[in-house]
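K.L.:
Below, each chain spelled out in residue letters.
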Amino acid sequence: MDFATLLGLTTGLGLVVGAIIMGGSFLQFLDGPSAMIVLGGTTAALCVSHPIEEVLQAFNAFFKIFSSRKVTAQEVVNVMVRIAEISRREGLLALENIRTDNVVLKKACKLIADSAGPQLIHDTLRIEIHSLKRRHQIGETVFKSLGTFSPAFGLIGTLIGLVQMLGRLNDPKSLGPAMAVALLTTFYGALLSNLFFLPVAAKLRARTYQEVLNLEIIFEGARCILQNNNPLLVRDKLSSFVPPKERTVGR
Amino acid sequence: MDFATLLGLTTGLGLVVGAIIMGGSFLQFLDGPSAMIVLGGTTAALCVSHPIEEVLQAFNAFFKIFSSRKVTAQEVVNVMVRIAEISRREGLLALENIRTDNVVLKKACKLIADSAGPQLIHDTLRIEIHSLKRRHQIGETVFKSLGTFSPAFGLIGTLIGLVQMLGRLNDPKSLGPAMAVALLTTFYGALLSNLFFLPVAAKLRARTYQEVLNLEIIFEGARCILQNNNPLLVRDKLSSFVPPKERTVGR
Amino acid sequence: MDFATLLGLTTGLGLVVGAIIMGGSFLQFLDGPSAMIVLGGTTAALCVSHPIEEVLQAFNAFFKIFSSRKVTAQEVVNVMVRIAEISRREGLLALENIRTDNVVLKKACKLIADSAGPQLIHDTLRIEIHSLKRRHQIGETVFKSLGTFSPAFGLIGTLIGLVQMLGRLNDPKSLGPAMAVALLTTFYGALLSNLFFLPVAAKLRARTYQEVLNLEIIFEGARCILQNNNPLLVRDKLSSFVPPKERTVGR
Amino acid sequence: MDFATLLGLTTGLGLVVGAIIMGGSFLQFLDGPSAMIVLGGTTAALCVSHPIEEVLQAFNAFFKIFSSRKVTAQEVVNVMVRIAEISRREGLLALENIRTDNVVLKKACKLIADSAGPQLIHDTLRIEIHSLKRRHQIGETVFKSLGTFSPAFGLIGTLIGLVQMLGRLNDPKSLGPAMAVALLTTFYGALLSNLFFLPVAAKLRARTYQEVLNLEIIFEGARCILQNNNPLLVRDKLSSFVPPKERTVGR
Amino acid sequence: MDFATLLGLTTGLGLVVGAIIMGGSFLQFLDGPSAMIVLGGTTAALCVSHPIEEVLQAFNAFFKIFSSRKVTAQEVVNVMVRIAEISRREGLLALENIRTDNVVLKKACKLIADSAGPQLIHDTLRIEIHSLKRRHQIGETVFKSLGTFSPAFGLIGTLIGLVQMLGRLNDPKSLGPAMAVALLTTFYGALLSNLFFLPVAAKLRARTYQEVLNLEIIFEGARCILQNNNPLLVRDKLSSFVPPKERTVGR
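Going down the list, the sequences are from chains A, B, C, D and E. Under the UniProt record's numbering, think of the first position of the first sequence as 1, with each following residue one higher. Under the UniProt record's numbering, think of the first position of the second sequence as 1, with each following residue one higher. Under the UniProt record's numbering, think of the first position of the third sequence as 1, with each following residue one higher. Under the UniProt record's numbering, think of the first position of the fourth sequence as 1, with each following residue one higher. Under the UniProt record's numbering, think of the first position of the fifth sequence as 1, with each following residue one higher.
None of these hints come from the bench; they were simulated from the model. There may be inaccurate statements among the hints.
[Stated by the list, open to error] Not everything, but these chain D residues come out facing chain E in the computed CB check (under 10 Å):
no. : residue
1   : L15
2   : M22
3   : N97
4   : D101
5   : L183
6   : F196
7   : R223
8   : S240
C-beta atoms are modelled at their ideal positions from N, C-alpha and C, and glycine is treated no differently.
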């Protein structure tokens, strides 16, 4: 459970709302048509720019930020060392029975147990890593699009408001409030983009990096097990992926 | 038929028009000269920046978004597995009779049937994939250009309006409406760019990615069939291109 | 002769001038000092940022857009097939007599006729392609620089005008016209950049791509002729560079 | 100890404060809610966009700018030459006793002493260099994020202030001061970004480059020692990494 | 001596000053505190963002633009052909006596004379080229930083001026002049960036490209001399680096 994300979102919103209340009424900052232009326009632009499956995938990835447990590089290294120990003790065939949630690790074990050629294992795992990377990047791309479209529709909303306001300039008293309302869409767009869409895109990228790194460890580990079946060597080589401070001493 | 694109375009436009009508008259937002500057200027800049064939190709690609059926990665994998089964049962020569709309798949089958060398097959398919990718990217580039030029000509139109308005400042009453009209070009440019041009460019990129992915599957499949003529292995390797959830169980 | 470029430039300018005249006097949009700041400043920045040879090369490339005939990929493929037929009929030595304007094709033929090693041919043609690409990119870079500097000097001119206007605010009547003049530089800069400099840069990039593609076809063709002297195979392989619809049926 | 960074930060701040005091009261530029929106919003966006470990790592890297001694390329070359001399005199096994703070150098020595295969040494050091590079880049990425979010929340704060000010336009006297306060958030955001966040990100990048260069020297040196155990050759090859003027004459 | 740079800088400045004088007093555009904020702030940000050695290196590179003679590609080709002739007539050992200012050429000659292995020569020259490229890029990076920071501090200065002006709105007469002064910093920042910093960065990049190209010619020439000691072949291959029109006919 990733509390930092939730905390960041709530504190950020709280601070902005707090600053608004300190300066006056909060109601002044709520406007239906303004929200409609920004949210509706951004959603519409998203529907045109991304296939519907990618949009669903992105929101799925967003909710996974909160639910999924992060697997550290050291944990993956430990798993690969344990697998190397099993394969040494019980032979490569024993890898067929290894249970894991990780699709790529499962495939690697199966390929080694099937005694597939090193080239085939190399190619297959490379394709798996590349596919996963691409699928994870979709989430980032969708949220980046949202982060670009929401301020744009904020500007569009403000232009609509300004044109309407300037059209009836005969009543100078209504000028101020009308312009305040016109600026609300720009405010909505900027806030959505900078507090929600762009940060979520960045977090998804950090997540993708972590998962791809873990797959790279699995990839190098599988190559290592195939080449020389020595758990100590596997630990030595794979620990280079882990920051020096976090490296667990072998044995 | 891609309904999401059409739905996005119409809802987005509907929302903007709705928000305009809620705030006043819609007629106020229609202005001939403003549209002329934005649309005409953008078209002119496009004619200078892209050869006429590329512009036609881009609009062709745009209409294909609505008409063409999307072929999923799993479908391509299934086709390649079926081809592997045929080539195993009836020999590589049988691939000559395979019927397909896909130019690259056809060329791959012909090359295998002609028992061309692996290097020639590799090179030829790489060139085919690269050519197709480039042709598809043209559409994206053209719509991105449109998405850059339309707000620029929006700004140019507004500058024209402002200069004219400021030139005859003696009548303060006409100030507001004149400025309202001046802002319309910026509004047109921003709306065209963010609701139409940029989202369409993004959708074309997503399409290109899907097609190139399909060609990569064909490429890997052809290599696999050449190397070891085993349909099970072909399915195993190619299924790595497909998201784990969508993978069809072989046999 | 590339009419689209000329047409785009004249229509674009015509539309803007038309829109100006529809809204008032055209004379109001002409101002000597404003043009001096934008054109002079942009030229000065260009002289600092690019060696004089590159600037001349860029304008040379610009005029070539109008004069030079575009050679299509299919034409180059046909030439390479004909060369393969000659070399098959009359031997590789016959390539020495082939006449062509294309420097790279000439060099390729000479190298093959001299029976240079494949590695030397590969390296030399790679260097030729890379040199030509770089020389063509200079034109694009120079026009992109112009497209960046002209709006910047437009802004600088407007700032000068604003400072002067604000300095003598005692006469409110002159405020409007002074600001109108101040905005002219921004207008000049934006128009020059978006109707001329940036589109020309884009067109030069498209041209470069076409020429590099043609050289790649020559490169692959030369390799093919060296490896197996079969015109049919040469046509088959090189036609992958051409869009499927435009491919001429061999023989 | 990096005085330039500290000096830059203090002089920059001093100049801005000085310019403010020369023009009026400094108190006018202090506003609690404004600081709350910019600092709080930026921090909140950072918590959403980066895992908490990365944020801590970034601030850790920031403080290291001041404390850590810079190791020049020439020093690393000298160390590698000395190691080559030791390994020549006392054999490769002697490298096991070499003491160094550098994790990668230690690993390189251990691998050579263990007489690991050249491929294993190559792969392991490549992974180490890549891991270190990635860890160092995190600091840069975090400060770049801060440099992007702080002006954005500055703009958001100004929008809040403008909306509130325009809402109560009945008191024209309060207009000026209210707008002054509204602009303060933009000022805070721009100052933080351009005097602190972006420059620190740039300095961290320069640091990363220096450390990666040092690792590359270690990597090439280790390869050189393995291939031909000649200290003169090691110095000759590695000195190519050092600017000509700073190269120490060997022996 | 590069007159174009000097001419560009002086004409650009002259045009701007001329336009200012045509529109009013020049003194109005001079303001001490404004210059202090822009120049001081930019310098401070530079000190934080780049190590002091890199800043000195950048200014050193800037002055070299004026002093250093440009060596054309054809000249380097001629030198390499002459070296090939010497090495053919007098043997590879004769290369040890070749005198040149170019560090890389000297190293190449020494390595060939020492009959070092082709791999060692290849690696060493690659490192030399990469090091030189990196050192030259520093100048470009520093001037690009200056070109980014100067308009940013221009904006910061204008914000300070606006806040101070709005704080004492009771005197409407002082409004105009105060705002004029506030805008001066933006003017300074934009002028410095677009007439000086960014163009110089671009010129440094062009210079770097030329020098790296010359090194690539030396690199290819050295490889060619090692492989087959034929001056005619060396000229033939290296002349591919030179634009067709400038190629000198051999012999």
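K.L.:
Any hints from earlier that this structure breaks? Give me their numbers in increasing order, please.
P.N.:
3, 4
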